[in-house]
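Start from the sequences, fold in the hints, and give me the full structure.
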Amino acid sequence: MDRKKDNLINKEIERQFNIIIDKAKDVVTQDELKQKLFKSISENKPLKIKLGIDLTAPDVHLGHTVVLNKLKEFQDLGHIAILILGDYTTRVGDPSGRTKVRPILSIEEIKKNAETFRNQVFRILDPDKTELVNNSEWLEPMKLEDVINITSRYTLARLLERNDFSYRFKNNIPISIMEILYPLMQAYDSVVIKADIELGGTDQTFNLLTGRDMQREFNQEPQVIITFPLLVGTDGIEKMSKSLGNYIGITEEKDIMFAKIMSISDDVMFDYFKLISNFTYSKIEELERNVSEGKVNPGDVKRKLARNIVNIYQGKNSGEEAERIFNTKFKIGFFDKELINEISRPFKLKPEMFKNGKIWLIKLLNEVGYARSNSEARRLVEQKGIKLDNDILSNVDLELGIDELRGKILQRGKREYIKFV
RNA sequence: GGGGGAGUUCCCGAGUGGUCAAAGGGAACGGACUGUAAAUCCGUUGGUGUUUACCUUCAGAGGUUCGAAUCCUCUCUCCCCCA
1 MDRKKDNLIN
11 KEIERQFNII
21 IDKAKDVVTQ
31 DELKQKLFKS
41 ISENKPLKIK
51 LGIDLTAPDV
61 HLGHTVVLNK
71 LKEFQDLGHI
81 AILILGDYTT
91 RVGDPSGRTK
101 VRPILSIEEI
111 KKNAETFRNQ
121 VFRILDPDKT
131 ELVNNSEWLE
141 PMKLEDVINI
151 TSRYTLARLL
161 ERNDFSYRFK
171 NNIPISIMEI
181 LYPLMQAYDS
191 VVIKADIELG
201 GTDQTFNLLT
211 GRDMQREFNQ
221 EPQVIITFPL
231 LVGTDGIEKM
241 SKSLGNYIGI
251 TEEKDIMFAK
261 IMSISDDVMF
271 DYFKLISNFT
281 YSKIEELERN
291 VSEGKVNPGD
301 VKRKLARNIV
311 NIYQGKNSGE
321 EAERIFNTKF
331 KIGFFDKELI
341 NEISRPFKLK
351 PEMFKNGKIW
361 LIKLLNEVGY
371 ARSNSEARRL
381 VEQKGIKLDN
391 DILSNVDLEL
401 GIDELRGKIL
411 QRGKREYIKF
421 V
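The working numbering puts the first residue of the first sequence at 1, with every later residue one more than the last.
If you are wondering where the hints come from, they were derived from the structure by calculation, not from laboratory data. There's no promise every hint is true.
Stated by the list, open to error - Under the rule of at most 27 Å between Cα atoms (straight-line distance), these lysine-lysine pairs were calculated in the DSS-like manner:
id : residue 1 : residue 2
1  : K194      : K111
2  : K316      : K72
3  : K408      : K384
4  : K48       : K23
5  : K34       : K129
Dropping the structure here:
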């Protein structure tokens with residue numbers, strides 16, 4: 001009888017374990033994870049899964065989704081997701097990977113970012129199974145005495161084990177004391193919420209490990225840490241992040257999202273497949289093989305990826321819709337007036353813009369926001385970057401009447417359209 | 001506390017009396033090309049409807065000079081070294 005029960009428990013541990021470590025880069029430690037699962041399953045007590053969020057930028061992007069999706073999987077397994085918004089820690093700034101001191105964000109900015117983030121994150125997580133907390137809740141009221149209590153449990157030498165700190169230290173690049181506090185504050189979050197497991201990107205390994213140490217110092221069972229590969233950004237080199245401008249936000253316009261995915265290099269395309277798409281591993285392998293054997297056009301495979309991801313975040317069939325817009329907007333020599341008409345921004349012509357019924361082209365370009373000065377507008381025209389209903393306008397002195405404009409489409413460059421109404 | 005260095009156009013950075021609206025790179029924008037908003041190549045990148053001109057710009061305020069990003073004085077900001 002007991003044997004049968006044990007068997008069931010072991011099976012369940014195995015099942016959860018496999019789901020949990022899927023896509024993970026590192027688990028510290030696997031044995032501890034199994035023990036925690038055993039306890040959770042046999043005592044029917046859900047585990048507390050911590051994920052800390054930095055609020056330097058508001059938007060949830062595809063890079064975040066790797067770990068957010070994992071948190072969702074934990075929720076589906078019946079565990080408790082604790083999302084810690086680092087509204088206080090962000091005032092300090094995570095030094096991870098930084099080679100210089102970060103600029104400090106104002107409290108207002110952080111508040112705004114938190115608001116946006118909260119709205120977006122529930123596109124992925126189940127709001128009913130998520131505990132959302134701000135770490136200012138416990139960090140703000142601290143007294144110096146409390147800070148001393150925490151800092152006395154850690155040493156400079158241990159902090160200097162970190163690459164980013166030791167690099168800066170050796171090269172005489174400033175490290176503020178504030179930054180040193182960051183990993184400690186972050187680690188203390190784990191103590192406060194009594195985390196069983198903490199998730200994060202591989203760049204967070206040190207911070208997460210500090211959480212383990214800190215919990216031990218406070219006589220808690222140390223959390224298991226699970227790190228995940230960082231998704232490379234659209235530049236194909238750096239990790240995806242807002243500050244590097246190489247990110248794809250999950251709430252971006254579908255065609256922009258589609259286009260951004262199409263812009264990633266072929267080398268990183270399969271990282272995207274593996275980390276953030278809905279394709280099965282066997283399907284991905286097949287696609288990968290086909291591409292490397294030259295059987296298929298990599299562009300077509302990337303389109304599959306783009307459609308899939310857009311569908312996940314923008315709703316059913318949005319991928320196909322996005323692709324249609326993409327084709328018109330970004331394919332060369334493809335002027336589908338009907339579709340452009342649909343996607344171009346309307347601009348209302350006002351009579352007061354016209355003098356004697358005419359407007360100077362250069363002036364018009366300023367009015368619609370295509371240029372910020374006459375010089376800039378003139379350059380655009382001279383460089384043949386301006387088209388009216390697909391005809392190049394190259395005369396800088398051109399004057400246009402209101403009837404010559406109404407209903408027509410003004411285009412700047414390859415993919416900016418305005419429809420005059 | 002003492003000594004030294006730096007602040008240049010969106011960013012990095014060259015420029016130490018006129019030839020400077022200021023090299024070069026990055027970024028951005030336009031064009032060509034491409035399966036791709038990748039790569040590559042070419043062009044543009046303070047402003048002004050009279051564009052071989054004029055105006056504004058080289059941390060800030062004054063000054064020297066026919067003439068200053070460049071020299072002098074003070075102020076502000078940042079960094080480094082020694083203690």
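Comparing the hints with the structure gives:
1. K194 with K111: holds, 25 Å
2. K316 with K72: Given that 27 Å is the threshold and the Cα spacing comes to 20 Å, the pair holds.
3. K408 with K384: holds, 18 Å
4. K48 with K23: Holds, because 20 Å separates the two Cα atoms, which is no more than 27 Å.
5. K34 with K129: Roughly 23 Å separates the two Cα atoms, so the pair holds.
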